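Chain by chain, the residues:
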Amino acid sequence: MEVFVYRKGSDEVEEGFTKEDLPALLADKTNVVWVDLQGETPEQAREAKDILLNVFNFHYLTVEDCLETRNQPKVEAFPDYFYFIVHGVKPEETSPVNFTTKELDGYLGENYVITFHVERFRSIKKVKNQIRSNNFVCQRGAAYLLHQILDQIVDLYMPVVDDFDNTINVIEDRVFQMKRNNTKILEEIMDVRRAVARLKRISARQLDVLYRLSNGEFPQIPQNILPFYRDVHDHLLRISDLSESYGDLVSGLFDIHFSVTANKTNDVMKLLAIFSAIMLPLSLIAGIYGMNFENMPELHSPNGYFLTLGFMLLIALTLLFYFWRKGWIFEKSETPADTVVEEE
Amino acid sequence: MEVFVYRKGSDEVEEGFTKEDLPALLADKTNVVWVDLQGETPEQAREAKDILLNVFNFHYLTVEDCLETRNQPKVEAFPDYFYFIVHGVKPEETSPVNFTTKELDGYLGENYVITFHVERFRSIKKVKNQIRSNNFVCQRGAAYLLHQILDQIVDLYMPVVDDFDNTINVIEDRVFQMKRNNTKILEEIMDVRRAVARLKRISARQLDVLYRLSNGEFPQIPQNILPFYRDVHDHLLRISDLSESYGDLVSGLFDIHFSVTANKTNDVMKLLAIFSAIMLPLSLIAGIYGMNFENMPELHSPNGYFLTLGFMLLIALTLLFYFWRKGWIFEKSETPADTVVEEE
Amino acid sequence: MEVFVYRKGSDEVEEGFTKEDLPALLADKTNVVWVDLQGETPEQAREAKDILLNVFNFHYLTVEDCLETRNQPKVEAFPDYFYFIVHGVKPEETSPVNFTTKELDGYLGENYVITFHVERFRSIKKVKNQIRSNNFVCQRGAAYLLHQILDQIVDLYMPVVDDFDNTINVIEDRVFQMKRNNTKILEEIMDVRRAVARLKRISARQLDVLYRLSNGEFPQIPQNILPFYRDVHDHLLRISDLSESYGDLVSGLFDIHFSVTANKTNDVMKLLAIFSAIMLPLSLIAGIYGMNFENMPELHSPNGYFLTLGFMLLIALTLLFYFWRKGWIFEKSETPADTVVEEE
Amino acid sequence: MEVFVYRKGSDEVEEGFTKEDLPALLADKTNVVWVDLQGETPEQAREAKDILLNVFNFHYLTVEDCLETRNQPKVEAFPDYFYFIVHGVKPEETSPVNFTTKELDGYLGENYVITFHVERFRSIKKVKNQIRSNNFVCQRGAAYLLHQILDQIVDLYMPVVDDFDNTINVIEDRVFQMKRNNTKILEEIMDVRRAVARLKRISARQLDVLYRLSNGEFPQIPQNILPFYRDVHDHLLRISDLSESYGDLVSGLFDIHFSVTANKTNDVMKLLAIFSAIMLPLSLIAGIYGMNFENMPELHSPNGYFLTLGFMLLIALTLLFYFWRKGWIFEKSETPADTVVEEE
Amino acid sequence: MEVFVYRKGSDEVEEGFTKEDLPALLADKTNVVWVDLQGETPEQAREAKDILLNVFNFHYLTVEDCLETRNQPKVEAFPDYFYFIVHGVKPEETSPVNFTTKELDGYLGENYVITFHVERFRSIKKVKNQIRSNNFVCQRGAAYLLHQILDQIVDLYMPVVDDFDNTINVIEDRVFQMKRNNTKILEEIMDVRRAVARLKRISARQLDVLYRLSNGEFPQIPQNILPFYRDVHDHLLRISDLSESYGDLVSGLFDIHFSVTANKTNDVMKLLAIFSAIMLPLSLIAGIYGMNFENMPELHSPNGYFLTLGFMLLIALTLLFYFWRKGWIFEKSETPADTVVEEE
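Line by line, the protein sequences give chains A, B, C, D and E.
For the first sequence, the numbering used here gives the first residue as 2, with consecutive numbering after it.
For the second sequence, the numbering used here gives the first residue as 2, with consecutive numbering after it.
For the third sequence, the numbering used here gives the first residue as 2, with consecutive numbering after it.
For the fourth sequence, the numbering used here gives the first residue as 2, with consecutive numbering after it.
For the fifth sequence, the numbering used here gives the first residue as 2, with consecutive numbering after it.
Among the clues, some could well be false.
So the derived list for chain A, only partly shown, Cβ under 8 Å to chain B, looks like this [stated by the list, open to error]: (1) 198; (2) 255; (3) 263; (4) 270; (5) 272; (6) 273; (7) 276; (8) 277; (9) 280; (10) 283; (11) 296; (12) 298; (13) 300; (14) 305.
These are computed hints drawn from the structure, not numbers from a lab.
Only a predicted model underlies this, so the values are computations on that prediction, with no experimental measurement involved.
Beta carbons are placed, not taken as given, at the ideal position from N, Cα and C, and that holds for glycine.
Let the hints inform the model, and build the full structure from the sequences given.
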């Protein structure tokens, strides 16, 4: 437990208070109190629970939700405070599709902010440093302090979201080349698809929370602080918009993959058809002159063999020319012919 | 029929009452009365109907709905009570896609909860044990008791939903391998698709019911109990969210199946094309020297045969090299070449 | 025209009134009057129009709508009455996809129900028999009588909807087998698709009508009768839900059909590839020893022929083994190998 | 400019007024004045602009919108009048997919209707004839007169919409046959798809306009005329519904086209596989006995040749029988086998 | 910084004011003041920030948003003014799919308009010229002046949107021809798809802004100016509608591409099947008469060879006729046969 107290008019934030100091600190409504509880170890969790229930008298169910870690973002109003859950994002070095989320629970009262989290939050550490070096944030009151924390959390979404853009482009390029190991690409597409769906879901729920916070529904956030919450909401809206459009791109990847596979199959078929179309007639001719009929006049012609070879060559060239005309082999140059519709 | 009565201030819940005791018990508004009616046998159903109509004077249509078992979740307000239908989930051992639902009907009045069900509910049994061992639940009143029942029912959804996740992953793996018996995989996908659609439908309707219950619409649920209903609503929301995302995954399975099949066809085609492309020219050569022309000088060359064999080998190797360059055979190593776009 | 009048306190319903009796009957507000008009023949239609316009003074446009038969379900409020159109369903014996609908128009006033229909309705006949044998329905007033009619009409949707379920399953089975005449299956899928779309459209519009009727919008339906309308609404909701899910199933049929076709093509390709892969090399060998070179030592070996045949057999067996390993022929048993990913 | 004036109590509509007469005619609030302005030529457009701006003092922007012809349907309220744009439909003889729309702008005031259109409207001509022969329409006031015009315009949508139904069915049949020139069918499908999208868009916007008109939002339409506008709205709703369902059908055409193509490819593959599977083994046998080994005992058997031919025939018949069993050739009769699942 | 001031009753707009003049100019509420701030260089940005914060005292967050350039269109109300962000479109000469957007930030107060932009706007330049030559715009007040700017910005969307139409048609034509380099077409489709998605997103957000501006929500826009904002809204609605329909067309391109590829593959298969079906039987015959059986009576027939050649020709012609009947070769004329369903 870390407690930060800003006394009105004071120059800096005081720290180092214990559970016993809290009631007195909270009683003075001009103070701004921030209690940051971490629940990494069972003892910490037990201590946090004790403080939330016995010092602040928060609703039992919200404390239970704090201690669990599989909750959706939400915000719930109570007469003197509101309870909220938001999710921070934890980028993975391996790949953006492996990003995970971590839960931040908290309460905002008239003159206090409570934050509870099991995992460490870079954003919270940052705000702590900020208020230590500068009393500007605390002067504006508890609601502004909370805004600062949420703003930092939402800011850390952006790099993850940008990584997605890159990942999708890389996969798209590989789909277009599609050299080998298609199945692996498909698996990657599925992974991105899942990750994007997760991102969409989280940012959508989070957006609901910030929409409600920024619309003056909660008396704990004074009118003049609302624009700051709206600002966080707008940032999140951008993230949500981007994740929506990533969803479209990813579902487009399947279409492309499929079309590229169809094209490749078409190419393989053409090759096979060309080979067969050229070889089969020639083989037939060879077969004909391999027949053992007694009376086959051509066989006795001294140039029969060479004429036959020449005829075979002629057939082969004719067919090659035909396939070249159809555009199946030696792709014709793109430049001028491209705009002209040719009869086929 | 099982009747549980908690008298205010009493230490434990009393049981063993009959139909005749009910009017007196209900008249004392400080009592909390739970009447659990089971309708497994026709006699039980008849008895339940009698009690619902004649002791409680519930609306005729709701009693009719109780006795039927094909109703959707809903909640309907009446002046002194509300009537609700929720669905519990019945997991099947064989496969999560075979899960079935069972209907729980009920009424909540100022000081009583009525539950009616044709099939046995593990969740109801659990709550019974709970109130027998602990009067905590009943002290908070009838609305809290009902919340406890609903909470247990919703909790039992979770294992079924988790099983789905697993099932979908297993199918996805099999689609990616796609060794044999594709049609069977397709049938499995269809089964999951149906089951997920069913899960989505049920949880969506149920969510409506719990949303209305948790929003203060019904005077039978006092203000201080609403957060508990909101909690159940949030759990169900998570289930509903998951089933939504399962729906997406399942519809993605068709895309994958399709893409994997297209890839396999492409592979088969390549094999066929390679075989044909190599064998047909060699056969042609063999055919040519099998012709019976009188004048075929090569035939008389002592090394003609061996030169021809060598030439055939050369052609075969050239073509193999060509196909290897195209990446059709002996897949080149992935590591460095992967990032380089090769001209093809 | 059939007129049914229930006089308050009377034991049975009176019939056999004419147009001239209507004004007096309607003037007594304690009567419940049901006028059922059929418009099968032009004379009937003319008579009905005369009564609707001159006896009841209904709005001209509603009377016009009555006489037409291509209207959507709707309900329209007027000061003293409301006008409604609902659709009954007419099952066809041949196939559920050929179901047709028939229009029922009507009016509900304070003490009267008017129904107008061109085609015969089984449901109306049933209600007539009901009120002849039992005055219970009429005692509850005109709104309850109308509810009874609507309830019967909605009940007759259910068998049609159930038939759909069956039809879709039959088609699904045939798609999975896909023996022959694929195009015919596709045509059947399209027919079901259209029929389901029609069912969805009709039930959605109808649902709107019943939602408005059951929500207390119309003063002609007293408060205590509303639950009965809500009941009809719930039945229709179930039908609407089912038709929604049929829509999903049917659009899934295309996916399956497509995947099954792709599988079959894949199988055909494999067969072709196997045949070619085995036969072409053997033919090449035969071709080689069919060449007419003078110096081919093997030809003179006494066992050359038999060794060659043996070699051919060896090649064939090797290739068969290879394809069997790939799982292309003689599908390996599913049980243990299924869970193991094999390198391919 | 054509001006129609109906004076209260008069027997017929007067015509032939000029711009100068308008102020006096409009000042008498018991008159019903219809000014129909056509903007085909620049002079007409200039005259119309002059009247709209200087006689009626309409808002400058609405007059500008009148003179343009690329506006969407809309309705805009002003204190004394409302301005509306609706679209009429202009069927093309060649094909329903080429239907175009023409814009009708107009104003409705207390006692006047103004219509402005660049192209000729059959529906307006019809209403003119109607009011010339019959003063019934004008007696009901300006709002009823406008309803009459809108009703005629919407009525003319129906034949176009019906043509679509037919066109889609024709294309569907051709897709199912799919004899040749597939690409042309695809182009037709795309054309219909575009046309249906256009129809949907127009009817959706138009529906908005009529919904607002029919809901009592505008004081220029008195309460007793609203049902007539609702009637037009209902007609348009039907058109909108139909165009929605056409959209579904058309997007289904791609699915069918695709499935039919896949079936055809499958059929071609089967043919190829059958030919190859039968011919290749026979060719191999012929090849074997064409080998030139010295010691091939069969060659000396007097019946060797005939036995070999017989053996070839046996193989061919066996394979044919095998493919017939698989259902690839000579489709088996559908009747009884259809319901039995055969092992394959 | 450019400042334009219109003094009530004056004939022309005055320019050339500095930061110091602003407070006095703004204090006279009959003036219309337009301050156009450009933020291209860091100094300009710093100056602009100074003016926005210190002269106008705008909310700090809005000033921060001004200086950033990755914001979504939005509008935010403050007591004395509102802040807005809109996006102008910057066409690229290379291709419409490369269009970019540029941000315009601004404020509207009772008697002033502030615009801030980093990049140059043609539309703003145009409005400057307009008000220099004509005091009409300024006479109507600040809100009308802002409308003029927005109108110009939205007008410049139209050419970009029209270019899309053209681009999509060109791609569609190329998909239908599909001569070569399919993958490149796929990449183009993807590019258009992304660009259209971007256009949809931007116009949707912009539409929200203009909807709010045109609905009387902001007191800075007087009632009589609202129709002008509605006019801009309608223009944007048209753009939004078009971009919606482009989205449909583009997603249709994948369907077409896929169908065309399937058709082409089908054609290749047919060619292959025809070649194989004709050549294989003939080769078999040649193979049979190439066998070395001693007793093959036909071989000794003087016309055996010629009869065999004739027989081969007969087979080839029969098969060609068969394939012609199937419509695989030499497509039959379309005209009369098209409407007749032939048995196949």
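Hint check:
1. With a cut of 8 Å, the hint placing residue 198 of chain A at the interface with chain B holds, because the nearest CB-to-CB distance is about 6 Å.
2. Against a cut-off of 8 Å between C-beta atoms, the interface hint on residue 255 of chain A holds, since the closest Cβ of chain B lies about 5 Å away.
3. A cut of 8 Å between beta carbons decides the hint on residue 263 of chain A: the least distance to chain B is about 7 Å, and the hint holds.
4. The restraint placing residue 270 of chain A at the interface with chain B holds, with a minimum CB-CB distance near 6 Å, inside the 8 Å limit.
5. Interface restraint check: residue 272 of chain A against chain B, minimum CB-CB distance 5 Å, threshold 8 Å, status holds.
6. The interface hint given for residue 273 of chain A is met, as the beta carbon of that residue sits about 4 Å from the closest beta carbon of chain B, less than 8 Å.
7. For residue 276 of chain A, the shortest C-beta to C-beta distance to chain B is roughly 5 Å, which falls under 8 Å, so the interface hint holds.
8. Among the interface hints, the one on residue 277 of chain A holds; its C-beta lies about 6 Å from the nearest C-beta in chain B, closer than the 8 Å criterion.
9. Among the interface hints, the one on residue 280 of chain A holds; its C-beta lies about 4 Å from the nearest C-beta in chain B, closer than the 8 Å criterion.
10. Residue-level restraint check for residue 283 of chain A holds (minimum Cβ-Cβ distance to chain B is 5 Å; threshold 8 Å).
11. Because the beta carbon of residue 296 of chain A sits about 12 Å from the nearest beta carbon in chain B, more than 8 Å, this interface hint is broken.
12. Checking residue 298 of chain A against chain B by beta carbon gives a least distance of about 11 Å; that is not within 8 Å, so the hint is violated.
13. Taking 8 Å as the C-beta contact cut-off toward chain B, the hint placing residue 300 of chain A at the interface holds, the least distance being around 5 Å.
14. A distance limit of 8 Å between C-beta atoms decides the matter here; for residue 305 of chain A the minimum to chain B is near 5 Å, and the interface restraint holds.
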